[in-house]
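Last residue of the sequence shown: 74 in the UniProt record's numbering, with the numbers rising by one and none dropped.
Note that these hints are calculated values from the structure, not bench results. We put the CB at the ideal spot given by N, CA and C, even for glycine. Any given hint might turn out to be false.
Quick list of the computed label-pair ranges, beta carbon to beta carbon [claimed, not checked]:
#	residue 1	residue 2	range
1	THR59	LYS33	18 to 26 Å
2	ARG69	ILE28	14 to 22 Å
3	PRO37	THR59	14 to 22 Å
4	SER71	ILE28	26 to 34 Å
5	GLU34	THR59	27 to 35 Å
6	ILE28	ILE54	17 to 25 Å
7	ASP66	LEU13	28 to 36 Å
8	THR8	GLU58	13 to 21 Å
9	PRO37	ASN10	25 to 33 Å
10	ILE29	PRO63	26 to 34 Å
11	LEU67	LYS33	17 to 25 Å
12	LEU44	ASN10	13 to 21 Å
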Amino acid sequence: MILIRLPTPNWILKVNHILEKEKIPHQIIPTPKELDPSCNLSILIDEIVLEQTIQLLETNEVPVDDLLRVSNEI
Numbered sequence: 001m002i003l004i005r006l007p008t009p010n011w012i013l014k015v016n017h018i019l020e021k022e023k024i025p026h027q028i029i030p031t032p033k034e035l036d037p038s039c040n041l042s043i044l045i046d047e048i049v050l051e052q053t054i055q056l057l058e059t060n061e062v063p064v065d066d067l068l069r070v071s072n073e074i
């Protein structure tokens, strides 16, 4: 699984809309405390859709804080 960290909740909502429109499976989840102690959200995707997601983020000029590989247990 890949965790996508974005700078603001507004970006989370925008990316959520982009991924829904393209029918890319994803989840909005709380960012794990080990990665960010504040109460932020992140987007979780499967590695299978990583390349497609990266292309969409670049095309839509989304400022990504981090793309992190995480265990499936999140």
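List of violated hint numbers, smallest to largest:
1, 3, 4, 7, 9, 10
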